[in-house]
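Protein chains in written order, with this note's numbering: chain A, 1 to 209; chain B, 1 to 392.
Take these hints with a grain of salt, some might be off.
Quick list of in silico lysine-lysine cross-link-like pairs, DSSO-like style, CA-CA up to 27 Å [as the list claims (entries may be wrong)]:
#1 A:K115 / A:K195
#2 A:K111 / B:K133
#3 B:K271 / A:K195
If you're looking for bench data, these hints aren't it; they were derived computationally from the structure.
Listed below are the residues making up each chain.
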Amino acid sequence: MKERTMKVNKFTNLLVIGLVLCMAASGCKKKPTPLTMLPGSKTGQVGEPGAGSGMETNAPITTETGPGSTGTGATGAEGYPQGPGHPGWPENAEILKADTVYFDFDSSVLKTVEKPKVAAVADYLKANSANAVKVEGNCDERGTEEYNRSLGERRALAVREELIRLGIDPMRVDTMSYGKDRPVDPGHDESAWRKNRRDDFVVLTPPNK
Amino acid sequence: MNHFMRLKQILIALTLIGAGGSAYSQIDITKSIIAPGVTKPVLVSMSGLTGEAASTLQFDLYVQGFAFTNAEAAQYLISGSNDGNLQAKAIDPHNKSTLVSKSYSGAPLRRQVHAFADDFVQALSRIGIAHTKIAFKGENRPVSEIYVADFDGHNAQAVTRDNNLVAAPCWVPGHLAMYYVSYKLNHADIFYHDLATGARRAFAHYGGSNMSPAVSPDGRRVAMILSKDGWTDLYVCDADGSNLKRLTKSPQDESSPCWSPDGKWICFAAKEKEHRTLCKVPASGGALQQIGTAGMPSPTEPDWSPDGQWIAFTAQFRSGFEICVVPAGGGTAVSLVEGEDPSWAPNSRTLAYGRRSGGRYVLSLLDVPTKQYKDVSRISGISSQSQPSWAR
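So here's chain B without its partners, still in its complex pose (with noise of 0.2 Å):
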């Protein structure tokens, strides 16, 4: 074997055994989707494991374009135990490889079968999703609070205890911090919650409402809609709050702004000649330019996919709404399952959103190219759970 191959391959396994998780930084391939809504789901099988370890891995892998079927229709054969610590492998059978074997322990069993889940789906060349966290909006009326869970909507934690309300959390991207809408100070304004220490400060407190953070990939800059020029408009500004930039100047409708993943665009929802329209604006300021969606009315909520591709949005149909999407460049859009205001995973294909349901919201995962769907874990004693953002 060549010497240098040989030496990479050690540093990786040390990498692989020292630190775990940190693994996930270096696999970056993204399989991009190419037929949202119409891709067949990879056929898998599982022998071994019971309970909640294989409740556990049948989720994972759903809601990222996984389907489970018999040993003979499967591609991969998945086979392991869970009696005590998770033990479990993967092969595909016509290759005669196997793509993971492996012993796993220093954390609950549902842990383990995420970290066996991330292991799969990366020998598969993709991003594996179930070791990343959810923040959402909890309400229980007249209160509402922001929470932390699994992205399966495990072990929900409550971040703030305000016996206020709350909307629009957004993660920073890469660290353990969020900025939202708090009304804790009889005002609509936006907090900036550092989580790993607790410390919080109110980021924009301006006159009139404060509304809708959007961080910059690199978190450096916040997009937000702000009134204190006495319309709702579009605004950036620097992560310590300096330099604000107004980016749009009209009486019209404006929310919800995301950020393009070069950091460059920010895309809202707008309304352009009495339509209901996505745009984007240079995040320096400039010129708006619309993004086509056509067929689906009343676009909001945008989210654009971490690989660029893709802008993910909620239209307005008579019916309801629905999730849908649309190459970031605009043009036509596909329209998914009903729900409101996803959010991408770092695997650029899994949406979070929320569903409505007798009035309130519950949240679902959806794999956009096989359009599988399914509710998350629901924290016992909040009615409502809705406008998640996914930690990536």
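Pulled out of the complex, with its shape left as it was, chain A reads as follows (with noise of 0.2 Å):
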């Protein structure tokens, strides 16, 4: 027991020693009080985005691959098994412009007042059967940031599912939400808040082979 307490007590002065030498080496002999480094900025830990080079970028994004692109047989009637829409058709916002829908605040219910734009949308993409339509839903300024991008993609989907009924494939409708960062209208009051609560149609067409 002698000789083990012994032994701890060679090993801390040693320790002891080792301190010293390490304080006297970084400069901090001179000081009254410890010196405390700071660690560099190339330390890469957490909350040190300083270090690498990952900063800044516009990094190519890679979509060949990864979760939703190839489809995943989803079962929803009104979901998306084809997967992620049309990627590299070019887009027309100007063509369907005057069939943008409203809705009444907080809701993400088709009016009947405005479902006869709907059923013209329906009809163009009848008389373009090679085209398809995204439907960019977006909400007024009042609700909080990602409830109302939430609500946008409610309220696409809600045309959707009109332009579904009315005889529309569904692989030729996708949907999307900007929520409350796309607005039209930058003021502040009702008259503003009612024309940015919408979906706005942009024609799809087939990339030229």
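Take the two lone chains, each set in its own frame, and fit them into one complex as the hints suggest.
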């Protein structure tokens, strides 16, 4: 027992010597207080994004593989069994501009008065059978950001459902939500909000072969 | 002195000198918040520090529940000098004990002050946050980018430069990586971005919108809102994108998932029987449970505190949005300040959140127990900053 204590004692003394040497080497000896060296910016620990070359990037995005890209055989009747829309198809936001659909506050219910516009979009798609459409849901500024992103998507899905009901192939209708990030009117009153609670239609045409 | 104790002390001293910041992880004693919004601040006095050093320390401590007063009234006395490098000490005049006494070097003055703030706070057995980072969305219509900055808003750096829209950044706990929503591919996708290498990839690129990523505390799973099956529902999958599982099946609202610190639950904003509510669901799937937030209308944007005790969220009153907290099991919620989208600091007492100002957002920090809050430094040329995610 005694021998063990002595061994520990010896070890401790070695450590003390080591510590003193270490402090002397780092220049602490002259200071009255212990010196705290701060880690440099290259340590790569959490919260040190200065490390590495990862910032301010616009690195190319891999989309060929990864979840969703090939479709998952989703079960929902109104879902996206084909995967993510029509990547690479040129977009035209002018053709169906007059058919923008508007919603009541905090609602994704397609109003009866708006349905003729959706019918006009369905007619366009029937007459242009190679094209597809992207329904872009938007909100006014009053909700919180991610709540609105979800609400905007439900607005787009409501119109998609109506297009499908009118006989359009679900594969030809994409949806996307901008939440409140893309207002057409930057104002802060009901006249602006009314215009911002909307679904825009973007025509997608097949890429040139 | 007992040899083993002495050995331990030396080892701790070696760790402190050798590794600097790594000492943070050794202290995990958390003082739980007992009374949100009504706790008195701890009074401190400061002498000898000037200019940026003084203002930095005041900010650091204010948002962690300290208030500054004169030396007679103070519980702790801080003194020092910042002629070149920082030397500072904190003493407890009642116990006549020195809590911290150090010189700092090897980094810009602001970081030296942050290090002292953390040393002081940790000497009081709390978790220091002055060395931590936040990520957020910076917007200049019509584009937004992801930024990372010190917790006080200084030293901001752009993470993206896509000239497109982004949203909802979320740090991977303990890693230099994050998930966020990007519209770069003319689609609302969730990207994974490794900040150390700059590599990024489309993590969720399903049909419809891919929204609101939330990484589990162990970094191995991601919860998110997808519309690939025709409704906006809550899903979870592994960090490699496999094992996608649908956790809700409803045409109603689901938004803003977050994780319980033990990784067992996912809490989110939902609508049940026409009423907005906070819900939680087992991360492995199962029945939804409501989390009561009595008196707080339309709760959204929950965030579960790292100590597991509280859920912070946004409530929508007629007058505007308020940051609230409720015990994680549900119960009486407390409304604290005007604001939206709270994110807990590692100390489970400070929140970062967005505050509306003339149609734009300003980031602010709130000390929940004392209700003290202060705006962080803004990036010049960026009109709106919102959706903070605290690295923890």
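Status of each hint after checking the structure:
| no. | hint | verdict |
| --- | --- | --- |
| 1 | A:K115 / A:K195 | holds, 17 Å |
| 2 | A:K111 / B:K133 | violated, 45 Å |
| 3 | B:K271 / A:K195 | holds, 26 Å |
Checked against the numbered hints above, the structure breaks only hint 2 and satisfies the rest.
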